[in-house]
Amino acid sequence: MASCVTPIASGMAINTHSPRVTEHRKNIVKLVLASHPDSCMVCDKGNRCQLRQLASDLDIGLLDFQKIPQMTVIEEVNPFIERDISKCILCAKCIRSCQELVVEGAIDYFQRGFSAKPATLSDLPLEASECTFCGTCVAMCPTGALTEKEKTYRGTTNTTVETTCPFCGCGCSISLEVKDEQVVRATPGADDAVNNGALCVRGSYGYDFIHSPDRLTRPLIKVNDDFEEVSWEQALELVATEFKRIKSEHGPNSLAVLGSSKCTNEENYLLQRFARCVLETNNIDNGSRLYNSATRIGLGPSTGFLGSTNHLGALEKSDVIMVIGADPTSSAPAVGYAIKRAVKIKGAKLILIDPRQTKLSAFAHLRLCPKIGTDVALLNSLAKVIIDESLIDEEFVTRKTDGFEDLTKVLEAYSPEHVEAITGIPSEEIRATARLYAASSHAAIVYGTGITQHMNGTDGVQAVANLALLTGNIGGRGGGIYPLQRENNGLGACDMGALPDFLPGYQSIADDETRTKFQQNWETSLPVNHGLTAVEIVELAKEGGIRGLYVVGENPVLSFPQSRIVTEALASLDFLVVQDLFLSETAKLANVVLPAASFAEKEGTFTNFEGRVSRVRKAIDPLGESLPDWEIFLRLADKMECPMPYSSPQQVMDEIERLVPLYEGISYADLDAKSLHQAEMGGNHLETRRIFGGQFLTGFARFSPVEYVPHIEEAKDDYPFALLTGTILQHFGTGTRSSRAWRLKKFSPQPFLEIGRSDAEKLGIGHGDEVKAISPVAELSATAKITDTLPEGTVFLPLSFPESPATRLFNIELQPKSKTPSLKLCNVRIERV
Amino acid sequence: MADKSKAVAEVDLAQVKQIVDEYSQQRWALIPLAQKIQNEVGYIPPQSVPVIAKTLGLFPSQVQGVISFYEQLYTKPRGRHVVRVCRGTACHVRGGKTILKLVKQHLGVEEGETTPDMEYTLETVACIGVCALAPNVVVDDRVHGRMNPKKVEQLFRKNGD
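One line per chain: the protein sequences are U and L, in this order. The numbers in the first sequence follow the numbering used here, run straight up by one, and end at 833. The numbers in the second sequence follow the numbering used here, run straight up by one, and end at 161.
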């Protein structure tokens, strides 16, 4: 029996370094070397090659075997991965990472004997296969068989910095390799509680934006419609003078701040203190308003907490996973990997509720395609079936929840037969889904912007919460509610109080005791009234109520609906300051542009969608004269004669730890030792956001009955198509960074509009044709991409292409509760150009 | 011709789909299923790989990996008759190499190939165990021993007519 398949028994003696074993090992490595080319001198793997390492460890010098290297060339055009199969030692690490970590299955062994190699289906180039270019296989490959293709540096670096990925809300750990003050490689980080050794294409290759030639390196002041480079002193002096002038002339509430769901926790904390203590206004909000507010406002009353109720590891251990209104494989890849692993490896059942076919469709046991925007009716009907068929967790509902009777009453109207008429899903499928979900004691619900960005987003979130509460699936070994965050620190920015109605840690600004606590610490008085939310700030700016605006790391011109109106509003301001890495579309309108440093150039922490706080570490010095955002805030506060007494992000975190119960026990020392789950800190779960096994902050969770209100106008003759927006894997946000990451840009260069085959035929549109999408408020053009993944009458427009911002097509319509603009769905007509 | 082969492939694929349906979500069944497809269709059409993968709950690349690993599984249509020329030591000594050359000439195909009329597929084999009759050629299940150029000619004339 081969040693690798011999079961271990007690008392067994295992020799790993006996002369016989060593001799065999040596022979095996010699055989591997015999079919390996002698190209070490020019191989990019250099001294990172594990085969070379092994050979020298085993003292193998010149080979006494005849060499028969297998030379094969694979022509590929993608800018990410280069395959040199001649260097492949058939260890299958790439195959296993593709099948077992990322669960994409793009490659497997092909053929046998000497011609065996890892290959894609039909041995096609990677770009013609299922490969998503996550780069995990490249990070795993022990030799130079898989390497980064278009790279800036070939050699081995001396410095590696462990930090956190700056793109989506997963918060994967990444290692940045640095050579001569340049980030030259990103690999999956060593602390891999989130990403388990995998990354996505954005994490592996998106860092290119750091060294983009477009980076701002000096402060800019607009003089006669042109930007002039100035010194920090001049720029900050101007900002301070103008802010002070506006404050004294029009009052502090004529000023507003848009904070950043991309900046660190420490920076958001400083920014909200800057707004409240220096500008003396509560008019502060952050970009997560656009996708996360419905979660905050929906889950709050239901469960008393504001983020996911369990951690990612528990999602993977769930028996049933319901994904609704989300495509985690592109918007939150690490979550997508976890779901696919749960299904493929652990045998979980996936319920997929999405009008579009996504990469998860192939993994789904039940796939429901409701009419767009009818999720609330569907979720209510699922809840009704669960109650009617006595599938509820009675003990949980009786002991831990309130308002069950009210819920039952409201749900009466949602019989599967009635809801079939609304959603178009057969009543039997609704029943089957409810039974499958309720049958498991570890069932999870994952939702994303397909719930939160609809007009009834808050209702959708509460309907999700009701479903989880009915079955007691809140926390524990598996299951829970998992709201996805679009951005790296969307949750952190809210935690830190970059919100108009909350001080850090969701401590209400209206609460006297809380205010006193912060006033004593900051030795100042705080404004009491609620401030304005993001879109309200822009709306008021248009009416002249807001005179000065400070935008940090946000791009409202592209991310808010109706870019024309936003542009007008921002242009009508007395004074606009934009702090960003690049001259974004918003920055172009600014009076002063302050150059900020990227995530690789500063210290701090990000909070991911689970609530996990991870360290961001400085890898290189800020480019040019750019400065980390926290330093800019401090300097500006000094200039405005209201200094904030900190000298480093660490000091800020020390104060956060002291004043924000959610972040108790998170010091850099602890974080450096291990990225902490908030729930893992201390023994008292009640003081943390996380809920395990239904330990609610308030003692009880409350059912919030919601009614389905159709918000979508029926498609009219003029605008017969429903246009959905969403994320694609290779781009991110408004594209400010991803469109400047040259490899991502090269791979996915231009905006496209997905249209179903039958619709395209009817309109006479072919693949690659230039088309226009026209909504009642605006139009934009894109290249048509024919797909089979869309239901009839639906088109899909990806976000993140600055040249055709999908948000432009939307009217400004705010959700009444969360003040989130509806940015998911609008009616359009499609025309060929 | 192209249309014809495309039509053939479509017929084959429909046949595959019928066979595969019985094995839904049974990962263990890959090899028996592949054998069954091969027995009924004659080979495993490459287009059927995604179909098999979807039904069994495997990745297409995994299915392809298994099919390409086994000598006994074919991804190209095979001739109605399979000709195996022995290249074992005994046959080699008695002129097996020349026999192979002659067979190639007669059929007009190389090793591993099939004649355009789909009549013959030519293969070689390491040894069939009847070295006393060397050099040997096996056609389908029948062994033809003590081969010489004349017998090669007869063999294919007889089978061809």
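These are computed hints drawn from the structure, not numbers from a lab. Glycine included, every Cβ here is placed at the ideal spot set by N, Cα and C. Incorrect hints may appear among the rest.
[What the hints assert, rightly or not] Here are the simulated DSS-like cross-link-like pairs (lysine-lysine), alpha carbons at most 30 Å apart as the crow flies:
#, chain 1, residue 1, chain 2, residue 2
1, L, K17, U, K349
2, L, K54, L, K17
3, U, K317, L, K17
4, U, K349, L, K104
[What the hints assert, rightly or not] Beta-carbon label-pair distances, calculated as ranges:
#, chain 1, residue 1, chain 2, residue 2, range
5, U, T16, L, V82, 26 to 32 Å
6, L, A132, U, S18, 27 to 33 Å
7, L, S24, U, S122, 36 to 42 Å
8, U, Q70, L, C127, 54 to 60 Å
9, L, S24, U, R48, 27 to 33 Å
10, U, Q53, L, D140, 50 to 56 Å
Consistency of the hints with the structure:
Pair hint L/K17 plus U/K349 holds up; C-alpha atoms about 25 Å apart against a cutoff of 30 Å. Proposed proximity of L/K54 and L/K17 is supported: the alpha carbons are some 11 Å apart, at most 30 Å. Using a Cα cut-off of 30 Å, the hinted pair U/K317 and L/K17 is violated, with the two alpha carbons roughly 34 Å apart. The hinted pair formed by U/K349 and L/K104 fails the criterion: a straight-line CA distance of about 55 Å is larger than 30 Å.
Distance hint check for U/T16 and L/V82: the Cβ-Cβ separation is about 49 Å, which falls outside the suggested range of 26 to 32 Å. At roughly 48 Å, the beta carbons of L/A132 and U/S18 sit outside the given window of 27 to 33 Å. The hinted window of 36 to 42 Å between L/S24 and U/S122 is violated, with their beta carbons roughly 24 Å apart. For U/Q70 and L/C127, the Cβ-Cβ distance of about 27 Å falls outside the hinted range of 54 to 60 Å, so the restraint is violated.
Look at L/S24 against U/R48: about 45 Å separates their beta carbons, and that is not inside 27 to 33 Å. The hinted window of 50 to 56 Å between U/Q53 and L/D140 holds, with their beta carbons roughly 53 Å apart.
Hint compliance for this structure: hints 3, 4, 5, 6, 7, 8 and 9 are not met, and every other hint is.
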